[in-house]
Amino acid sequence: MNLQLNQQEKQPIPNAQPADAPDDQITVEYLPASQPFHHTYEGNVTLSTVRSDAMTFFQVSDHKDRDTHQFFLEFGGRRLTNMAETLDQLLGAHRRGAKFNLVEQITPGAATE
Amino acid sequence: MKDPYPQIDRWVLPTAALLATLRSVQKEGQGIREAGALWLGSRGNTARVRAVVFPSGKGVEATAGKWKVSPEVFGVVTRWAKPQGLCLLAVVHTHLHGVPPRLSRADREYSVQVPGMLAAVIGEGGHERNHGNWGWYVYEKNDYRQILNQELNQRVEMSSENVDVQRANSEAIWEVGKE
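From first to last, the protein sequence lines stand for chains A and B. Numbered according to the working numbering, the first sequence spans residues 1 to 113. Numbered according to the working numbering, the second sequence spans residues 1001 to 1179.
Please note that a few of the clues may not be correct.
[What the hints assert, rightly or not] Computed list of lysine-lysine pairs in DSS-like fashion (alpha-carbon distance at most 25 Å, straight line):
#, chain 1, residue 1, chain 2, residue 2
1, B, K1068, B, K1082
2, B, K1002, A, K64
3, A, K99, B, K1066
4, B, K1002, B, K1068
5, B, K1066, A, K64
6, B, K1027, B, K1002
7, B, K1058, B, K1082
8, B, K1141, B, K1027
9, B, K1027, B, K1068
10, A, K99, B, K1002
11, B, K1068, B, K1058
12, B, K1141, A, K64
13, B, K1002, B, K1066
14, B, K1058, B, K1002
To be clear, the hints were calculated from the coordinates, so they are not data collected in a lab.
The task is simple: from the sequences and hints, build the whole structure.
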């Protein structure tokens, strides 16, 4: 996929506008799911949007029962905490794609049994 | 986009996965703490277990009353599993001697909650060798539903296939036997 993208970058696309922001091809994996989430975003999209869209696709949500369940994105083995960060800020302006993992964090509440 | 959780009509479960699970949870639990395993494989109308991962050590909290796997361990397993087309099919854990092999409320809330996910509870600290006596559950309609023996026999097919056996903590995953 990266090879194809690099080749495209070398060959100008006839109708492309010079000011067009290049898009980022994002993949999010979630261990229980048989399919990954794929979507193309502009670089100024925040991680919050990616996380939210991926959670919708995987049919999961942050919630609270006795414990607090939160989902976060992991990138390169690192938990991403700044959801206001944009894809460009995280990946750099020249990177055109990335793969994240969605992982659940369960924070125990008060034990009652 | 395709459904990330296709309906599972039956599971193909290698005997090797059962035996590896029993060996590991007995060794890890030592009869004094819970232990567990993740069963991974391909998911479709028929889900096939192809790998067993034993989370243990760093990133795993195991006591007499709970077995919890940290998100960092799940991250490590995800990075190993996904390039091979594997997804999580089941979470298996033990209950100690005298504790019924049933999902507790905490187990239900703490486990992975997606459609079709299996949860199995091995009684006797992992020494219950007859899987028909384990507690079996499937996640449906926002809760785990117990699978009783008749349904278990209809939907879980034992096989003689081999499985990949791995151990994982919050930092790495490695093949069992190569520790």
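(request) Could you work out which earlier hints the structure fails to respect and list their numbers in ascending sequence? (result) 2, 3, 4, 6, 8, 13, 14
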